[in-house]
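Novice: Residue-level listing of the chains:
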Amino acid sequence: MNERTAPRSIEQYLAALRAALAGEDPALVQDALYDAEEYLRAEVAANAGRTEADTLELIASTYGAPEEVAEAYRTTEKQVRTALAPPPRTPRRTALGRFFAVYSDTRTWTALFFMLLSLVTGIFYFTVTVTGLSVSFGMLVLIIGIPFFLLFVGFTRVLALAEGRLVEGLLGQRMPRRPVYPVKGVGIFESIKLMLMDRRTWTTMFYFVLMLPLGILYFVIAVVGICVSLGLIGGSVMGLLLETGVGSGAVNVDGMMYHGPSPLFAPIVIIGGVLLLTLVMHLARGIGRAHGTLAKHLLVARTDQT
Amino acid sequence: VEPDTDLDASDTERSDQERLSHKFQRELNAGLVGLVLLAVLDGADEDLYGYQIAKRLQDLADGNPPVKQGALYPVLRQLSSNGLLASRIVPSYAGPPRRYYRITEVGRATLAEWRDIWRNTRDFVDGFMDSNGAAS
Chain A
6 MNERTAPRSI EQYLAALRAA LAGEDPALVQ DALYDAEEYL RAEVAANAGR TEADTLELIA
66 STYGAPEEVA EAYRTTEKQV RTALAPPPRT PRRTALGRFF AVYSDTRTWT ALFFMLLSLV
126 TGIFYFTVTV TGLSVSFGML VLIIGIPFFL LFVGFTRVLA LAEGRLVEGL LGQRMPRRPV
186 YPVKGVGIFE SIKLMLMDRR TWTTMFYFVL MLPLGILYFV IAVVGICVSL GLIGGSVMGL
246 LLETGVGSGA VNVDGMMYHG PSPLFAPIVI IGGVLLLTLV MHLARGIGRA HGTLAKHLLV
306 ARTDQT
Chain B
16 VEPDTDLDAS DTERSDQERL SHKFQRELNA GLVGLVLLAV LDGADEDLYG YQIAKRLQDL
76 ADGNPPVKQG ALYPVLRQLS SNGLLASRIV PSYAGPPRRY YRITEVGRAT LAEWRDIWRN
136 TRDFVDGFMD SNGAAS
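Residue numbers (our numbering), protein chains in the order written: chain A, 6 to 311; chain B, 16 to 151.
Please keep in mind that the hints were generated in silico from the structure rather than gathered at the bench. Note that this is a predicted model, so its numbers are computed, not measured. Keep in mind that the hints are not guaranteed to be accurate.
[What the hints assert, rightly or not] Simulated restraints on C-beta separations:
#: 1; chain 1: A; residue 1: K198; chain 2: B; residue 2: R137; range: 27 to 33 Å
#: 2; chain 1: B; residue 1: D141; chain 2: A; residue 2: A100; range: 36 to 42 Å
#: 3; chain 1: B; residue 1: N135; chain 2: A; residue 2: T283; range: 57 to 63 Å
#: 4; chain 1: A; residue 1: A50; chain 2: B; residue 2: E28; range: 51 to 57 Å
[As the list claims (entries may be wrong)] Not the full set, but computed from the structure, chain A residues with beta-carbon under 7 Å of chain B:
#: 5; residue: D40
#: 6; residue: A47
#: 7; residue: Y68
#: 8; residue: E73
#: 9; residue: A77
#: 10; residue: Y78
#: 11; residue: A100
#: 12; residue: R103
#: 13; residue: F104
By construction, the Cβ of each residue, glycine as well, lies at the ideal position given by its N, Cα and C atoms.
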């Protein structure tokens, strides 16, 4: 069966591999295609005496037929996912247990860290993209405008790889391991045209611009949420302590006297603070998941594209 | 030696056997590829990328390694995710940017442990193979 459909060129092999991996995670497909392309191009170059078709014929016995390779990626990917997944948590039986289990989930804490970090990365990505685009368009009438734009697009691809690693590490969304690179074997103008027509070139820039408002939003949600809930808990505990005779009965901040809630209300406020903190944690985990999906859609090509 | 009464049946039998052998080889490879990759990178005096690693395996196995080279790349990623390998990206003129791998300290320690496990397993299995081979 394989002999009948044996690929005769690198492009045919990659197309067969893409077909064999249909329905898999786009990041996995991109990695598999780039891995295969690296090997095939090196193998064709190493066998300069043979034609590409002759070399490709031997590929099935060395690199493996597209179906075999696809199977290897599927199996190994499953193992990696199992090995890297945080240890399985004991399922909580009660609704209350499930509600508070959010604290023992590693993803909650990494997502919270991502939310705080995204203010910094958001400002950086936004500045790079807006500066790069403005300078490119500004210099378009000059001869250096085009090389500058190409350099800028190349830089956004490297930046997208870095952001992908961050998203995979902190949010657990599988992202590619190699940056997008220009299509080989076509002229410079054709390659620029392909780059301009590649949906991912523009969605990547859109993602970077979007990261500023998102980064601000995430940062504010995380900081305000945590401060308010810790303030509710801490203030009430302090108030109760002061009521019991520790200290003077009030807290003096810059000449203003602050009193905790009355002992009757303090426990209710503490419970409210704990509930709010837990809700913020749930929100952080949810934002982490949603942002991972967003990053995958904007930074990784769909499987039907190169 | 076999009485070949039904050609179709023996063909099916042979392909069944091939399938089982293929499966056996694949299951054996599952753990061993990681061990071999660690050993190759431990013995290398420079960082290597996927194709170079694949070629080293091919050279050692006289051109016909028991594992398809396409299966090496996902295992490299697996080892790297577990911290046994470190890697860096280098742009290439001939194709996609290359990822160069080198073994980490954790990787070396793991390799030493895996090597012991492999030797024990090999001796254990060989013990049975030798005695069975003598008996039959």
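Novice: All the hints need checking, so say for each whether the structure fits it.
Specialist: Going down the list of hints, with the structure as the test:
At about 57 Å, the beta-carbon gap between A:K198 and B:R137 misses the expected band of 27 to 33 Å. Distance hint check for B:D141 and A:A100: the Cβ-Cβ separation is about 57 Å, which falls outside the suggested range of 36 to 42 Å. Between B:N135 and A:T283 the CB atoms are about 49 Å apart, so this pair departs from the stated range of 57 to 63 Å. The hinted range of 51 to 57 Å is not satisfied by A:A50 and B:E28, whose Cβ atoms lie roughly 43 Å apart.
Against a cut-off of 7 Å between C-beta atoms, the interface hint on A:D40 holds, since the closest Cβ of chain B lies about 4 Å away. Checking A:A47 against chain B: minimum C-beta separation of about 4 Å stays under 7 Å; hint holds. The closest approach between the C-beta of A:Y68 and any C-beta of chain B is roughly 5 Å, which is under the 7 Å cut-off, so the hint is satisfied. Of the supplied interface hints, the one on A:E73 holds, with its beta-carbon coming within about 6 Å of a beta-carbon of chain B, less than 7 Å.
Taking 7 Å as the C-beta cut-off, the interface hint given for A:A77 holds, the closest approach to chain B being about 4 Å. For A:Y78, the shortest C-beta to C-beta distance to chain B is roughly 5 Å, which falls under 7 Å, so the interface hint holds. This hint is violated: A:A100 has a C-beta 35 Å from the nearest C-beta of chain B, more than the 7 Å allowed. The beta carbon of A:R103 is not positioned within 7 Å of any beta carbon in chain B (closest approach about 29 Å), and the interface hint is therefore violated.
Restraint check, A:F104 versus chain B: the minimum CB separation of about 32 Å is more than 7 Å; hint violated.
Of the numbered hints stated above, those contradicted by the structure are hints 1, 2, 3, 4, 11, 12, 13, listed in ascending order.
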